[in-house]
Structures are given as C-alpha cells and as structure tokens.
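Using the sequences and the hints given, assemble the complete structure.
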Amino acid sequence: MTRIFAATRRDVLAGGSAALAVGLGATLAPRAARADMTPHEKELYEAARKEGELTWYTTHSDDVTAQALGRKFEQLYPGIKCNVVRTTAQVAFQRVAQELKAGAMQVDVFSSTDIGHYVYLKDKKLLEKYVPESSTKVLDIYKGYDPDGYYFVTSAGLIGMSCNTAKVKLADAPTNWTGLIDAKWKDQIALGHPAFSGYVGTWVVTLRKLYGWDFFEKLAKNNPRVGRSINDTVTLLNSGESTIAGTAANNSTVESLRKGNPLAMIYPTDGTVLILAPSGIMKGVRHPNAARLHMEFLMSVDASKIWVEHFNESMRAEVTPSGGFKSAKDVKTIRPTVEEISKGIPEVIKQWREVFGV
Amino acid sequence: MSDQTLSFAGARASGMLRRLDPSMALWIVMIALLIFLVASPTVRLVVASFQEPETGRLTLANYHTAYVNWRHLAALGNSLELGVGVAILAGLFGVPIAWAISRTDMPLKGFVRVMVLGAFITPPYLGAIGWILLAGPNSGWLNRLWVAATGEAHGVFNVYSMPGLILVVAVTSFPYIFVFTNSALDLVSSEMEDAAQVLGAGKLRTAFRITLPMVFPAILGGLIISFLEAISLFGAPALIALPARFNVVATQLWQFFEYPVQVEVAAAYAIPLLVITVLMFWLQRRILGRKGYAAVTGKGGERRMIALGGWRWVMLGYALFVCALSVLLPLSVLLQAAFAKAWGRGFSLDNLTLGNFHYLLFEQTQAQSTIINTFVYAGATAFLAIALSLAIAYVVSRQLVPWSNVLAFLCVAPFVIPGIVLAIGFYAAYAPPPLALYGTGTILVLAFTTRFLPIAYTSSAASMRSINPEMEEAVRILGGGRLLAIRRVLAPLLKKSLAGAWILVFIPAARELSSAIFLVGPNSRVISVMLFDLSEEGNFEVLAALGTILLVVTLIIAAIGFRIIGRDFMLRRSV
Numbered sequence: 080m081t082r083i084f085a086a087t088r089r090d091v092l093a094g095g096s097a098a099l100a101v102g103l104g105a106t107l108a109p110r111a112a113r114a115d116m117t118p119h120e121k122e123l124y125e126a127a128r129k130e131g132e133l134t135w136y137t138t139h140s141d142d143v144t145a146q147a148l149g150r151k152f153e154q155l156y157p158g159i160k161c162n163v164v165r166t167t168a169q170v171a172f173q174r175v176a177q178e179l180k181a182g183a184m185q186v187d188v189f190s191s192t193d194i195g196h197y198v199y200l201k202d203k204k205l206l207e208k209y210v211p212e213s214s215t216k217v218l219d220i221y222k223g224y225d226p227d228g229y230y231f232v233t234s235a236g237l238i239g240m241s242c243n244t245a246k247v248k249l250a251d252a253p254t255n256w257t258g259l260i261d262a263k264w265k266d267q268i269a270l271g272h273p274a275f276s277g278y279v280g281t282w283v284v285t286l287r288k289l290y291g292w293d294f295f296e297k298l299a300k301n302n303p304r305v306g307r308s309i310n311d312t313v314t315l316l317n318s319g320e321s322t323i324a325g326t327a328a329n330n331s332t333v334e335s336l337r338k339g340n341p342l343a344m345i346y347p348t349d350g351t352v353l354i355l356a357p358s359g360i361m362k363g364v365r366h367p368n369a370a371r372l373h374m375e376f377l378m379s380v381d382a383s384k385i386w387v388e389h390f391n392e393s394m395r396a397e398v399t400p401s402g403g404f405k406s407a408k409d410v411k412t413i414r415p416t417v418e419e420i421s422k423g424i425p426e427v428i429k430q431w432r433e434v435f436g437v
Numbered sequence: 005m006s007d008q009t010l011s012f013a014g015a016r017a018s019g020m021l022r023r024l025d026p027s028m029a030l031w032i033v034m035i036a037l038l039i040f041l042v043a044s045p046t047v048r049l050v051v052a053s054f055q056e057p058e059t060g061r062l063t064l065a066n067y068h069t070a071y072v073n074w075r076h077l078a079a080l081g082n083s084l085e086l087g088v089g090v091a092i093l094a095g096l097f098g099v100p101i102a103w104a105i106s107r108t109d110m111p112l113k114g115f116v117r118v119m120v121l122g123a124f125i126t127p128p129y130l131g132a133i134g135w136i137l138l139a140g141p142n143s144g145w146l147n148r149l150w151v152a153a154t155g156e157a158h159g160v161f162n163v164y165s166m167p168g169l170i171l172v173v174a175v176t177s178f179p180y181i182f183v184f185t186n187s188a189l190d191l192v193s194s195e196m197e198d199a200a201q202v203l204g205a206g207k208l209r210t211a212f213r214i215t216l217p218m219v220f221p222a223i224l225g226g227l228i229i230s231f232l233e234a235i236s237l238f239g240a241p242a243l244i245a246l247p248a249r250f251n252v253v254a255t256q257l258w259q260f261f262e263y264p265v266q267v268e269v270a271a272a273y274a275i276p277l278l279v280i281t282v283l284m285f286w287l288q289r290r291i292l293g294r295k296g297y298a299a300v301t302g303k304g305g306e307r308r309m310i311a312l313g314g315w316r317w318v319m320l321g322y323a324l325f326v327c328a329l330s331v332l333l334p335l336s337v338l339l340q341a342a343f344a345k346a347w348g349r350g351f352s353l354d355n356l357t358l359g360n361f362h363y364l365l366f367e368q369t370q371a372q373s374t375i376i377n378t379f380v381y382a383g384a385t386a387f388l389a390i391a392l393s394l395a396i397a398y399v400v401s402r403q404l405v406p407w408s409n410v411l412a413f414l415c416v417a418p419f420v421i422p423g424i425v426l427a428i429g430f431y432a433a434y435a436p437p438p439l440a441l442y443g444t445g446t447i448l449v450l451a452f453t454t455r456f457l458p459i460a461y462t463s464s465a466a467s468m469r470s471i472n473p474e475m476e477e478a479v480r481i482l483g484g485g486r487l488l489a490i491r492r493v494l495a496p497l498l499k500k501s502l503a504g505a506w507i508l509v510f511i512p513a514a515r516e517l518s519s520a521i522f523l524v525g526p527n528s529r530v531i532s533v534m535l536f537d538l539s540e541e542g543n544f545e546v547l548a549a550l551g552t553i554l555l556v557v558t559l560i561i562a563a564i565g566f567r568i569i570g571r572d573f574m575l576r577r578s579v
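Just so you know, the protein sequences line up as chains A and B, in that order. Read in order, the letters of the first sequence correspond to residues 80 to 437 in the working numbering. Read in order, the letters of the second sequence correspond to residues 5 to 579 in the working numbering.
No wet-lab data here; the hints were simulated from the structure. Quantities reported herein were computed from a predicted structural model and do not represent experimental measurements. Here a beta-carbon is modelled for each residue, glycine too, at the ideal position from N, C-alpha and C. It is possible that some hints are incorrect.
[What the hints assert, rightly or not] Among chain B residues calculated to face chain A with C-beta under 10 Å, some are:
no. : residue
1   : Arg75
2   : Ala248
3   : Pro406
[What the hints assert, rightly or not] These stretches of chain A come out as covered by chain B in the derived footprint (C-beta under 8 Å, 3 or more residues):
no. : region
4   : 139-149
5   : 157-166
Shown next, in the form of structure tokens:
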C-alpha cells in the first residue's frame, strides 16, 4: 500500500516538474533581438540576457502602473526578468541605505520621487554614470537634470487636491491651497506623509516656501487623516472616510475617477505642484547591463505610452495624452529647485513630526 | 598510585571515549548553531547599543539620542499602555471561553474551538485591515450601520485610536491565553470544586475562588505572552497608530532605520523591551514562587462538567461575541473586499470580481515568488527548528555534554526577545560581511528559526521526556550506534508529536512580519512584507486578496497536518 502511494507521489512530482520545466522553457527561451532595436540597444540586450534579471525599486507610481511597466520591459526584452518593488520614496531609500550599510546591494535601478536622494548618492559616489541613448530624445523640460549624467528624469506628475463629489460639491471645494485651512474642513482632509512619500515631501517643501510653516500648523488644527503614500488619499476619499484630499496625485486620482469613483481633481489656482522624478543606477550592481537597458526603456516611447495610459505625463514628444485629462502644459505649475528640495525634505519631515505627532 | 585509582582513571577515560562516538560531531555542530542563532545576535545587539557607528568605540551617545526626546519617550509609554491594555482585554476574552469549554456544558464547543483556531491563524496586520474596513470612523461598516440605524450624522467607532489598536491586537492574541488556560484547566480534577460546593459556595464563586486560582500560573503565562506580543508588534501599529497620530516602540524603531540608518540607536532603544521582558518573567517567578500549585499534577481524578443551566446560553453568547470580534466580522469584510471591485460599494453582484486575484497571480511581477517564498521559508523554518531543538532536547535529556542546561536555556531564550529586536540583532550580526546574508532567504529562515525555537523546543523536550532510554540502550547493546538508535527507534516514536510541533512553528512563521521587515530583500520577499508595502497606498481590495491567499494556504497545510496527526491545534486528540 505504502509503495503504491510512494510511486504515485513520485509520478505526480515528476509530472509536475516536467510541466514546470516546459513553463520555464517557454519564458526563458532565448529569442532573437527585435529588428527595430538600435545597435546599442541590441548590444545591451545581449549582455543583459546573460544577467537574466534586474531589480527595480520604484516610487514613481502606484503598484499597478509600476507592474505594467515591468511587464512591458519583460515583453520587449524576453529572457530578462524585471523584479518590480514598489514602495514610497523614503521606504525605498531606507532599504537602499540598509543594503549599503550591510554591503549587499540588491537594487539595480533606483527610481525615487525625492530628488535629494540622488544629490546624496551622487555626492557619496554611489551612483554609476550612464547616459542612456534615449535621454537625448525626451522632451526638453526633462533634459539635463544632472549635467554630469548620473541620474535622469524618467517620470513626471502633478499634485493637486481632490474631492469626493458624492459628499462635497466641486463648487464648494477649496480652489487654492489655503482653502485647506478653512475650519469647515475639520476632520475631512486626507494627506500623505512626507516621511514616506517623495511627492508629499516635495509638496510640503513647496507650500512651506509659498505660505511659511505657519500654514501647516493651521492645517494640523483641521485634524487631517495622515496616511503614508500620496495614493492612499484616493482610497480614503473613495471609501468616504475623508472628503477632501490635500495631496492628490493627478495620475492615481484620474485613474480612479475614470473607473467610476465619485472623485474630482482640483488644480489649485495658486499652482499645481510639478514633480520631476529621476532614476539612476547604483554603483556596483549585480546586473549592470540589464540596469542600463532598463534606463533606456524608462525614457522610451513604449514606456511613455504606459505612463500616458495611466494618466502620467509623457516623457516623449511622440506620445500625446489620449485626451480628457489635464497634464502639466494645461495648468499653472509650481516647482521648487533641486537644492530647495534636497535640503528641505529632511527639514520638513522633522517639522511635520513635531506638528502632526507621527 | 594505587591500582584502584588507576582503574578508576581508566574507566573514566573509556567513558570519555564512549562519549566521543561519531554523533558527538553532530552535537557540536548543533551547539555551535545555537550559539550562532541565539547568543551571537543578542550579544551583538547589546554591544552595538554602546558603540559609535563609524569607529566602534564605546559610547553612551546612542542612549542619549534614543531617549532624550519626548516623542521617543511617549512612544515607549504608548507601547506599555498597548501591552497592558491588550493583556487585560485578551484575558477577558480568553479565560472565560477556556473555562467554559474545559469545565462547563456550554453548547457549540467545537465551533468555538474552530473560531479560536481561526483567530490564531489570522495575522494581526490582517485583522487590522479587517477592522479598518469595519470601524473606519466614517466609512467602516459598523459605523455605516450605526448611522443607518440611528439616523445620527457620525458613527461611534474609531479604529484609529489607542482603544482601537488594543482591540485589534487583543482579538488576535487572546488564543495564547485561551490555549494556556484551557490546557491547564483540562488537568484540574473536580475534587476541589466539589469540596467548595459542599462547603456551600455557588458555581461562580467556585470558579473564581477555586478553579481559576488553580490555573493562575497558566493564565499569567498567557497574559505575559500577550503583553510581549503586543509591545513588539509592528504591522498593526503601522496600519492603525500612524493614522491615529501616535507612535509605539516598534514604529519608532522603524524610524531609526530611515536614512541615515541608525542601527546603534535602534539597538539602544530596543534594550528596554529586553529589560521589560526579563523583568516580566522574573516577576512571574516571584509571584508563582511563593505559592504552591501542586493541584495541577496531571494525574487528575474525576472530571465532571459543571451544569450551567440557563447561563450556558449566556456563556455561549459571550463566546460567540468574541468569535465575531476576532474572526467572523473581520474575515467577512476581508473576503468581501478581496472579491470586490471597490469594497466601499458593498455586497452586490455587479461588484463581484476575481480581478484582485488575477492581478496578484498574473500581473504583479513579485506576488507569485513571494507566495512561494513565504511557505518555503515557513516550512524550512519548521524543519530546522525541530531538528535543532530535537537534537538539543536529546543532548539535554541524555546528559551527553556538561552544561547541557545552558543549551536548554538558549533554546527558550528567544522567547523573551521581541521579534523586531531579534531582527535588529540579526541585521547587525549577519547582514554585513563576512557572512553578507542581507536579502537572502537564508537570513530569514535563520531569524524565523531562532524566533520560534522555543515553541519547537518545548514540544521536543516534552516528547523526549516521555520516552524511556531503555529502548535506545537495547539498540546500542545490540551493536547499533546512537544515530541508528535515533533513526530507527526515537524518530518513529516521536513522529506524531513532531508533526504537531511542525505545525505550531509553521503557522506563525508563515505570517511573521516583525522580524522579516528589516531582513527581507527583493528576492526574498514574503507575504507579510508585501502586504505591508501594498498597504502604503491603501489598496484594500488587493491587500485583502493577498491576505486571503495567505490564510487559505495556511489553513490547508494546517488541516492536512492535523489530519495526519489526528489532533487539533492544541495537540488534543480529536474524539
């Protein structure tokens, strides 16, 4: 009896591993490089395929968009697995710092929304210099962010406000940032957290510059609900937990309202905050060629198509938004300088903790 | 030198030789492993707390940074409040149910038991998500019901508060108290209760003055475990305390890992958790040491169930209330969210979807490997912990080496090290070169093994005690080696109790977050950490789906295990 069972079990195992092997074979089978690859791209791809994978820490978007980009990369370059780890900016940087301290780099391409991270990493000589071919083809506004070629803008987005239209009429909602401190929004505002989100960190720096820290002390009196990611505010509004988002990312809010959620995006009259978010390759990574190929990809037409599908800004002139949602060129935008951000975010995280308690 | 002393020395030498059989090498390896797993990270943690980060020189600066800050002190106070609150509430949940099941004729005992098992399997962070969906101040289901029923403008429940956090943690930690109390009550015979009743005490008075005091050591043990779990928990506070705008020790420790990583300060800040824990166990010994609890002899006379009459329905009502809080309510809203397009739209057919599962299993680049990692690591942890603890239990019970009690102590010592503290010790000791284990599955399995070694050891030692050495000796007399005796005699005898121990380690290892959060890398992610990452953007539908996968797979594996060994999760034989 036992013998029979053993045999059956072994058969099942053998069958299972055969199936697994077939499955793996299908995904790992080397395919010829596509005809439309540039010679440089082809060369990178051949070298990258030997490495087989790369790890991408990204904070540029929500998980859905990040995974779509990862899958697209895998589809364009078969045989290279893209491990997408999406977190908020400070969490990603915390892990990078832990890896640095332990001397075990896991990340290949690091995409943060806090520009200060790159200023620091470059200063400490922890970034690898690589100028992607595609970096010369992006829109002018994104070009030459780091003149030395250690990091490049690979995505951009807007921060405005939003409201739950089932609970608040758009006409009654605040039209500019200072509207948030009106006492009628007590207990109703949702915010992200600057110690997690790079978007929110940059937003705090921008508003501190515009209205002084006083603005946040007044905002705290309205007892806002503080989450972590800027995308968290979308959930809080959809569920009806809060009615006004003080930090609303254009992309995740528009994506959600297109699905039928009762949301409206508000572009403040005193300026929508424009975020330029860079990517760079860490020094001494385990998959250098795959990392370079991924940098090429992030500034490619293919990537921009996905960005636009998920209501982010396009990097490339070839890709225009499909219409119906506003992008940076349609609204008044404001943006602090690189220096203001990299110096400001650590400061405002401290100030935030004093005022908001966490 | 007389002949006698000579022969005496000769006998001793041959005794030494006998001890140096091939298995000796194995013991030495096991012992080295134990020092590697338990002693080294703990020592490293304490040392790091006194070191300057760059130079390694001795300093008190880390303690200064850690404690001369009112927010850090407030977090410490919050943790204590949380721990005490959870211990009390979990006691109020666990003890009456344990008493009712063990000593009374309350109906539906089987169902209540299954619910307690459900609460044991549910990780606290998943319970927290369930309770956010239930008691979010404006959007939670309970508040919506309240508003609909009373017509008032606002709901009454607020999960984003200290009481909310205490409730969430208590409903997932009361099973500890239940299990401890229940198994102790099962050993108490009815004689003393009879005596009390003969002397005129009522049922309630008997329960409070006789029965419960007799199992006080077990209750106290359970309360301490609940307290320790609560103060070292990371996931549930991150989900609830942060939006509620307060910190606890675990979330504060996490902040020390923000850039710039201050492991040394984190170590200094973690020391009070260690001190509190040691203090707790010392206090327990003090309290228990003064009294005798010899009535719990395990020999037990007659045991009769107390007839509660009409009160048994009241008791059942209370048990079901606790089950609802801990399992039924959070689980039903989690399932609703897992299969919903948007959870806020409620229970309707057009809101149903499998999309969240499809997203996780086919679109997400990490979820598949994360799910596999979780169960592979948990399985490996269970095997490793049991192999190690069995070996040590064997060495200890057969007195194979001197100082074997030290080994036993090292095996149960991780019990008093909170998970998040252990992770910091592991990070400091084994993440950097020469071992450079950061981001590997190995470091997770090792940390989990250490964390759950006490569970494995307690089981192994108990089963080892039950086996008379005669049987192995027979093998050895017949010329077999020690390893043969273990393989052919001990292992078959211990099979069932080891399978039980395997499950007891597997379940918490599959859901462990606190010690994983600082050690995980992109290729060694586990479900708990992925849930934590996903929870940042509050996508509750996908979160709930991933949580459902974790629960279902754990339940299946546990159910198979229970079927094999024919016992339930408290290792009681099923009738």
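Cross-check of the supplied hints:
1. Arg75: 7 Å, holds
2. Ala248: This interface hint holds because 8 Å falls under the 10 Å limit.
3. Pro406: Result: violated, 37 Å to nearest chain A Cβ.
4. 139-149: With 6 residues closer than 8 Å to chain B, the region 139-149 of chain A meets the three-residue bar; holds.
5. 157-166: holds (count 7)
Violated hints amount to a single one, hint 3; each of the other numbered hints is respected by the structure.
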